[in-house]
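**Q** On the provided structure of chain A, position chain B as indicated by the hints.
Residue numbers (the numbering used here), protein chains in the order written: chain A, 1 to 73; chain B, 1 to 330.
Hints were generated in silico from the structure; no laboratory data involved. The C-beta atom is built at its ideal place from N, Cα and C for all residues, glycine as well. It is possible that part of the hints are untrue.
[What the hints assert, rightly or not] Short, incomplete list of chain A residues facing chain B, as computed with Cβ under 7 Å:
no., residue
1, L38
2, S41
3, W42
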Amino acid sequence: MTRRSQPILSAADLTEPDPGWFEFTVTREHLPDGRQILYFSWPAVEDIAADPAEASAVDDPLVEPSAAWDGAA
Amino acid sequence: VSELRWNPLLGEWVITATHRQDRTFLPPPTYCPLCVGEAGQPPTEIARPDFGLAVFENRFPSLRAAPPPPSVRPTPTATVERAIGRCEVVVYTPDHAATLSQLGPAVIRRLVQVWAYRTRELAGDPRVQYVFCFENRGEAIGVTLHHPHGQIYAYPYVPPLIDREAESARAHADRTGRCLWCDLIDQELADGRRLIANEDSWLAGVPFFARWPYEVHLTPRRHVGWLHELDGGDVDGLARALHQVLVKYDGLFKAPLPYVLAVHQRPVRTDRGDFHLHIELYPPNRTETKLKHLAGSELGAGSFINDTLPEQTAARLRQVEPRPPKGAVD
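Okay, chain A solo, but in the shape it has when bound:
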């Protein structure tokens, strides 16, 4: 995979979100002095593997220069 062949993308449209991107519910309220406050809630906590061993932690390339990256680039 080489990024050198990737084209420069044009600016994305900020006005149209991708469907389903935002998984939360927003509740808009106002503080007593009129400032806006938004409460975000999600239907359920979805776990993401936090263990770096599961998430491909980096070996020490000082010991194995660049070998850890064979095929990664």
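**A** Here is chain B on its own, set in the frame of chain A:
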């Protein structure tokens, strides 16, 4: 008083915000304005206990939607403008004692969604030129509230560092036809010595040109400019990679490491696609007990001196056990 004064020497805006002198400063937990308010206790900003994250307008904003007129007239060399924009506070959790690293990847993923949501909404104001999501952590950085939180600023101009990055990206693309950050990714993958975490979709590492000893940049492999352009897998990858970095930070000296976390998205009103989303973190520590201070060369001449080698600090971060510090919540 809150206004923008133009610095003609540096070609950049300075925000004056004198009311911020009176903002809440390191209150005891009982008086934390970011905790959920309880009957009989001092009032806080948070009324509802049942939320994941919350965002509200800063009580002491540097920029606001309807600012007062400037307090002074422009000079022949320097203009003055109203401090238009927004300053928001992002509360990560009702838990006063938590940290982002302890909250874990699932909450970081939620935070990324909130960053993206606020970016889009704030960018809807045609006066806004840049939306900046960031976190200051630790008293060494100047934090005035310990409750885990970040901030979002919507500027009426592109801030200087972003502007310089965008200009560098433009020059690189004009010269090579390629994205500067994509080329940096290739460079770091080929070298490997400065990498900290390698997700499928994100890389984290100490940059070749780090200004701070333990500075880390996280960059998505895909060329995107805004957070909302990431797909679900990209967001999960960011959550994992950022969590790894934060856990390593806290494990580095076996204590919570202060840092500034800065999300660099593309300026909101540009027809250029060369800016590549990334996140930069700058801890001020150069050792467990010594801080890197900005002094003569940095402040007086704008030239950073890094007392460490990025290859060595990256190696040290890699060797930190991926485990929260003692007493941390899993």
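**Q** All the hints need checking, so say for each whether the structure fits it.
**A** Evaluation of the provided hints:
no., hint, in the structure
1, L38, "holds (5 Å)"
2, S41, "holds (5 Å)"
3, W42, "holds (5 Å)"
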